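Student: Protein chains in written order, with the numbering used here: chain L, 1 to 343; chain X, 1 to 181.
If you are wondering where the hints come from, they were derived from the structure by calculation, not from laboratory data. Here the structure is a predicted model, which means the values were calculated and not measured. Note that CB positions come from ideal geometry on N, CA and C, so glycine has one too. Check before you lean on any hint, since a few could be wrong.
Said to hold, decoys possible - A few chain L positions that, by computed beta-carbon distances, are all more than 12 Å from chain X:
1) Arg3
2) Leu38
3) Glu70
4) Leu98
5) Ser127
6) Ala129
7) Leu291
8) Glu314
9) Phe322
10) Glu331
What the hints assert, rightly or not - Rough simulated footprint, nothing fancy, chain X against chain L, three-plus residues with beta-carbon under 8 Å:
11) 74 to 88
12) 295 to 308
Said to hold, decoys possible - Counterexamples of contact, computed for chain L against chain X with all Cβ distances above 10 Å:
13) Pro29
14) Ile36
15) Trp235
16) Ser237
17) Arg313
18) Arg317
19) Ala328
20) Arg340
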Amino acid sequence: MTRTEVHGPPHAVSPPARLTERLAALAMPCPVHPSIHLVEAAVTGWAGAAGLDPDPAASRLAGRAFARCETGAVTTLARWLTWMSCLRRAPEALTPVLAVAGGGEPGPAPLERAFSGLWRACAPGMSDAWRERFTAGLAAQREATLSREATLSREEPASLPPGTPADHSPRTSAPASPATLAPLPHLASPAPATPVTGDHGDHGDRVEPYGDTFGRYLFDLVEPCLGVEVPDPVWRSPQWRALAEASGDVAAWCEEAVAGRGHAGTISLERSNPEAEEGKIDRVATRVEELWTAARAIPALTERHDLGFAASREVTRVACAFLTIPRAYLERLLETPRYRHLG
Amino acid sequence: MSSMLLNHKLDRAFGHMDVDGSGSIEREDLLGLGARILVGFGESPTSPAGHRLAQGFEGIWRTLAAEIDTDGDGAISPEEFRAGMTSAFIEGDHFDAVFAPAAEAVAGLCDTDGDGAVGPDEFWTMMAAFGTPREDVRATFERLDGDGDGVVSVGELVEATRQFYTSADPEVAGNWLFGPL
Numbered sequence: 001m002t003r004t005e006v007h008g009p010p011h012a013v014s015p016p017a018r019l020t021e022r023l024a025a026l027a028m029p030c031p032v033h034p035s036i037h038l039v040e041a042a043v044t045g046w047a048g049a050a051g052l053d054p055d056p057a058a059s060r061l062a063g064r065a066f067a068r069c070e071t072g073a074v075t076t077l078a079r080w081l082t083w084m085s086c087l088r089r090a091p092e093a094l095t096p097v098l099a100v101a102g103g104g105e106p107g108p109a110p111l112e113r114a115f116s117g118l119w120r121a122c123a124p125g126m127s128d129a130w131r132e133r134f135t136a137g138l139a140a141q142r143e144a145t146l147s148r149e150a151t152l153s154r155e156e157p158a159s160l161p162p163g164t165p166a167d168h169s170p171r172t173s174a175p176a177s178p179a180t181l182a183p184l185p186h187l188a189s190p191a192p193a194t195p196v197t198g199d200h201g202d203h204g205d206r207v208e209p210y211g212d213t214f215g216r217y218l219f220d221l222v223e224p225c226l227g228v229e230v231p232d233p234v235w236r237s238p239q240w241r242a243l244a245e246a247s248g249d250v251a252a253w254c255e256e257a258v259a260g261r262g263h264a265g266t267i268s269l270e271r272s273n274p275e276a277e278e279g280k281i282d283r284v285a286t287r288v289e290e291l292w293t294a295a296r297a298i299p300a301l302t303e304r305h306d307l308g309f310a311a312s313r314e315v316t317r318v319a320c321a322f323l324t325i326p327r328a329y330l331e332r333l334l335e336t337p338r339y340r341h342l343g
Numbered sequence: 001m002s003s004m005l006l007n008h009k010l011d012r013a014f015g016h017m018d019v020d021g022s023g024s025i026e027r028e029d030l031l032g033l034g035a036r037i038l039v040g041f042g043e044s045p046t047s048p049a050g051h052r053l054a055q056g057f058e059g060i061w062r063t064l065a066a067e068i069d070t071d072g073d074g075a076i077s078p079e080e081f082r083a084g085m086t087s088a089f090i091e092g093d094h095f096d097a098v099f100a101p102a103a104e105a106v107a108g109l110c111d112t113d114g115d116g117a118v119g120p121d122e123f124w125t126m127m128a129a130f131g132t133p134r135e136d137v138r139a140t141f142e143r144l145d146g147d148g149d150g151v152v153s154v155g156e157l158v159e160a161t162r163q164f165y166t167s168a169d170p171e172v173a174g175n176w177l178f179g180p181l
């Protein structure tokens, strides 16, 4: 048993309970920002004014990820997550959104106009490097979405039962290790194309079919929402990538464990297979160990880049958010109607 | 002399939190210090140990804010910090209830293998979070390692913390907690 593990073999019945019982990193509930109700109200009002469907779960995720941050930071993150929640149901909006990110005027569509406002609020305070990687992530997502749509149209069996989870992108589904880092997470974890149903009454259930993309988006947004920036050389370092990827993987693989979903691109429910379920939890445990190991490398990394104490503090704020996000994301999952009974 | 020593140490403590040199500390400054410690030890805030530390730092802030932030602006000046630390933790009785749990949480993180002892590497990780120059850390560790066995016990580290923040005795080892004064 390692430091990341609290107990020996878990005894809880449901996968999420086994995760929180076994893994120290997931053991304690995230505190929620004390002003979460104000944030929810503000973001719901903002969404309504922007023509977007409100998503209170997005606000709560922001309130957990940024539980001890200023209210403004939580609100900004909650707006982005609400926007992204809507985007996943209308990925075709990525093309005009990218045009807006490139300096174009937004069209009348709510997703474009809302993005324009968020972009104007965040991008000017960030470096060219951040803007480039954010827009590159959107562009990669658009390409992957197009590719996925083409694949699905060719291969998706008509007999797939309703509600069957979509598979994950290859990178996010394949086990990764710091030694074999795949491309940066936001560049390689596209949102699967999902039809817009038109019925958006229960947003909580929507988290499930989208794999880990919701979690991974957080990693691009932590910096502008906190009003800090990880210097590009640090951000591109193997140590930082190891941290970000491990955090994203833990969040994503927790979802797989909760869903009882296979990895490596398979589309299957394995809830009835205890060994497979335990294997998923083992995989999360291994990745949590790597997450904590990656975090421990950050102080030496900032020292090596001669950042100075104040800049190092900003970097560690982002790193600390990465350490928080997996549990915050797990709690969001367990609030959804699909998984609430497992919590 | 004793009050000069205490004030000097409190000024040092103020500097640990006012990392941007703005001349005041706010809640996020103190929580940022906690975040540096957590990241340094690779501990999630959502683990039991991380949760204890985060709660401990929250408690310190609440006490400071209640005692110190007399003008209610959410920012603590050096003068307010000195006055409030003195009234809350030195002359007052909040140390055991508020400050000690945070100190124990930090010391507990330093004890990475749970054997009750803190080695020089773990000590450096903690000192780095406070911004102590690397060259001072070795001397500090040797000072705190009174018997020269190469480790500092968790209990000694907590006691050194108490001495640093509350003792006016110029001879106590805890004065060296963050390097030479």
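Student: If a hint holds in the structure, say so; if it does not, say that too.
Tutor: Verification of the hints:
no. : hint       : result
1   : Arg3       : 7 Å, violated
2   : Leu38      : 17 Å, holds
3   : Glu70      : 7 Å, violated
4   : Leu98      : 33 Å, holds
5   : Ser127     : 19 Å, holds
6   : Ala129     : 22 Å, holds
7   : Leu291     : 8 Å, violated
8   : Glu314     : 9 Å, violated
9   : Phe322     : 9 Å, violated
10  : Glu331     : 9 Å, violated
11  : 74 to 88   : violated (count 0)
12  : 295 to 308 : holds (count 5)
13  : Pro29      : 8 Å, violated
14  : Ile36      : 16 Å, holds
15  : Trp235     : 15 Å, holds
16  : Ser237     : 15 Å, holds
17  : Arg313     : 5 Å, violated
18  : Arg317     : 6 Å, violated
19  : Ala328     : 8 Å, violated
20  : Arg340     : 20 Å, holds
Hint compliance for this structure: hints 1, 3, 7, 8, 9, 10, 11, 13, 17, 18, 19 are broken, all remaining hints hold.
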